[in-house]
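> Using the sequences and the accompanying hints, generate a full structural model.
Residue numbers (the working numbering), protein chains in the order written: chain A, 1 to 452; chain B, 1 to 452.
Simulated from the structure, these hints should not be mistaken for laboratory data. Please note that a few of the clues may not be correct.
Remember, identical chains collapse to one label, so a pair may be satisfied in a single copy or spanning two.
Pairs of lysine-lysine, DSS-like flavour, derived with a Cα cap of 30 Å [unchecked claim]:
1. Lys387 with Lys56
2. Lys380 with Lys354
3. Lys380 with Lys72
4. Lys354 with Lys292
Protein chains: 2
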Amino acid sequence: MSKDRLVVIGGDAAGMSAASQARRQRSDLEIIAFERTPHTSYAACGIPYYVGDLIKAPDQLVARAPEVFREKQNIDARVNHEVIEIDLDTRRVKVINLDNSTESWEPFDKLLIATGASPIVPAVPGKDAAGIYTISSLESGLRCREALDREKPSKAVVIGGGYIGVEMAEALLLRGCEVTMIEMAPQVMPTLDRDMAEIVSQKMIGDGVVLALNEPLTGFDVDGDGRVRAVVTSDRTFETDFTILSIGIRPESGLAADCGITLGDRNAIRINERMETGIEGVWSAGDCAESKHLISGKPFWVALGTVANKHGRVAGINIAGGEAVFPGVVGTAITKFNDLEIARTGLQQREIEKLGMASVSAVIDSKTRARYYPDSAPIKVKLHAEKGNGKLLGAQITGGSGSGKRIDTAAVALHAGMTIGEIIDLDLSYAPPFSPVWDPVQISARVLLSKL
Amino acid sequence: MSKDRLVVIGGDAAGMSAASQARRQRSDLEIIAFERTPHTSYAACGIPYYVGDLIKAPDQLVARAPEVFREKQNIDARVNHEVIEIDLDTRRVKVINLDNSTESWEPFDKLLIATGASPIVPAVPGKDAAGIYTISSLESGLRCREALDREKPSKAVVIGGGYIGVEMAEALLLRGCEVTMIEMAPQVMPTLDRDMAEIVSQKMIGDGVVLALNEPLTGFDVDGDGRVRAVVTSDRTFETDFTILSIGIRPESGLAADCGITLGDRNAIRINERMETGIEGVWSAGDCAESKHLISGKPFWVALGTVANKHGRVAGINIAGGEAVFPGVVGTAITKFNDLEIARTGLQQREIEKLGMASVSAVIDSKTRARYYPDSAPIKVKLHAEKGNGKLLGAQITGGSGSGKRIDTAAVALHAGMTIGEIIDLDLSYAPPFSPVWDPVQISARVLLSKL
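Have a look at this one:
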């Protein structure tokens, strides 16, 4: 056995970023990556757009296939291989080759756990019926789209109003379905404050989605063939031809927990800034691992492609003997529903209250371009700041084309610990096709400053 | 005479922002604003789009008319009134009412000089001929558009390839003209590095503009009726039906200089962070006044609507007895030519060299959205960083829809003094309709980090 063998568990964004980065730093390292699905390095975030037929071929979602890793980077990427046990004492992992069901033990010197996250399936009657789809791996996306293409359903129900739910509702509308969304909370998009989420709800309703808020899922009606025919909530029954279950995801940290690796926030794998677990020579990265929230200062679990890539980069450098740290996240996320862009960063009202901080907020309505410029669209910007020191705590934006990416201004300001006064002074870009003379983020800051 | 009479010279962005801000803070202040054109608070930056007929009515460019200032804010805004002298000893200004040519002296306790900037007209033969237009005030825009509507020229020449020149070239193409652009420098857009400006040149040529670089203007051929018929350069003669002269602007600082107020960079009025000139009770703001460049640390003259508004806000607060400072600018600017977005911030190569700093740069090509997402367009991001400490010094971006406003990420990072490593760690927003998983600004940072 080589003295330097890296085993990567999980062949998507975090795992393969780390493998690539480690290879770039050390050509002598032996690198094996086990991936239980047939795909490596795919863009899971693109799945709703593939389901919605905005993207035609699933190949487009694959950034790098296993054979490319083998041929171009000397990384032994083995798909359809599932790791089912980690033995830290003997430093090896137990792997099943899913193509022929054979098991083997594979030794490692260094181990990266990048097992991702998986959809939560609630323990309700009928949950295993045919016609219910969750979205996680590329494989799950392929299954969902194949079924849509084949069945051409007319009634679709989406259970859960988070990012994936909203994106899937858009996709199903694009595919001609009547769409109902069921959400147990009183709002969609739980990472937004209630008032900002209301903008999203109104848009969804306006674009034809039937929205059932405050209605927890209680089960599924299943027909004699084992196929779901209706979704049942606390209040009602909704007929369905096609059901998306997107009530949330959880980190795939079972393998790590089983061998005694410490878990943290929401059972994600606890890591330090260098992506090290508590165990010598064992790293973790991506959707299965924690980050630090730079505003709350607390451990924070977030499953996003950007974070997974950053985790992977830092893990790869450190695994290869380099020095890199990942300081943490500020909670930035973005999506859209049809032509409504939706973005957030930092802390929302609920998180601020939970931390016991005193804050002030402002919400403003402005335009994406100069008001007189063609296609200037409405934009709403909400900012939260800490009482006393005036530091930015969070931002939320909804609006037309050009709204969402403005969240980056707030995200960078959060990283820098800027106050609302400092945001007003920022030399942001302005020309009539791009912005009002005061950028909407600054308009919101001006209103907030007057309240502070 | 009241003990608290504010006189504002110049009724556009800076002057009227200051007047409004002062009014908000102090209801008892007497405020008079003199504006030599017929318009207050107009969006000069919108003029090219009005000329190009993207904006139909000039009223749309007026944010607030004089009567609104009078009625809603008790600000005596007098248009068609030109201040021709400032007497600091007796604290009064000499004003001509341009409607009836009467002169009067108006006393002030506090004075704000917000006289703006004016186009440079070179001393070449024929410069005063009919058919040559400069773009500055709304009035100048009205004249230009009236002439276009009336004359329907087929051949247009734009002299000068800066922001206004590029925007006017776009406008004239939209109006069906054959457009030639003449520029004495070897590149258009002098605030961009040569390589980035080349992207703009290629786009302009591709969209039908005849580009004559390295050709200084030497004069105009004028016909018997006093009308310009051709533009003459060092090399050639270009026939013209319609000519835009946009070789640059200069601060309108003559009034201030005449009464002994100190001028600074490029003859802009020298002010401190509170927008005070060296003279007690005399402020300056907007295109006639200096700013501080936060990256070079030096005085810096920039004439932009955003800066003018920020200047005006700070001046108004201080005039009313409040406390506000304007720390300075980082040199952010944005424009577009047809569907090519163009943005820059910080220092360009030339400025870095002039300051004697050692730097490294990187230019990358990426996409505005995930590469597989519909309408993902090319984007090019160039970053400059200081050798040694790795601090970001400047950024330039060109590309399709969604490119330009990304400059704000770099602008905020410059304000915060971030290093390239810190930019890689930024938690920027990502979803396939908005960005590749690494934002192009961060892709450029990653390449630059590997060179540092």
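> I want to check one pair: Lys354 and Lys292. Are their C-alpha atoms no more than 30 Å apart within a copy, between two copies, both, or neither?
The answer is within: 17 Å in one copy meets 30 Å, while 41 Å across copies does not.
> Taking 30 Å as the upper bound on the Cα-Cα distance, should Lys387 and Lys56 be classified as within, between, both, or neither?
Answer is neither: 50 Å inside a copy and 45 Å across each miss the 30 Å cutoff.
> At most 30 Å between CA atoms: does that hold for Lys380 and Lys72 within a copy, between copies, both, or neither?
between (47 Å within a copy, 26 Å between copies)
> Please sort Lys380 with Lys354 into within, between, both or neither, judging by C-alpha distance up to 30 Å.
within (25 Å within a copy, 42 Å between copies)
The structure shown violates just one earlier hint, number 1.
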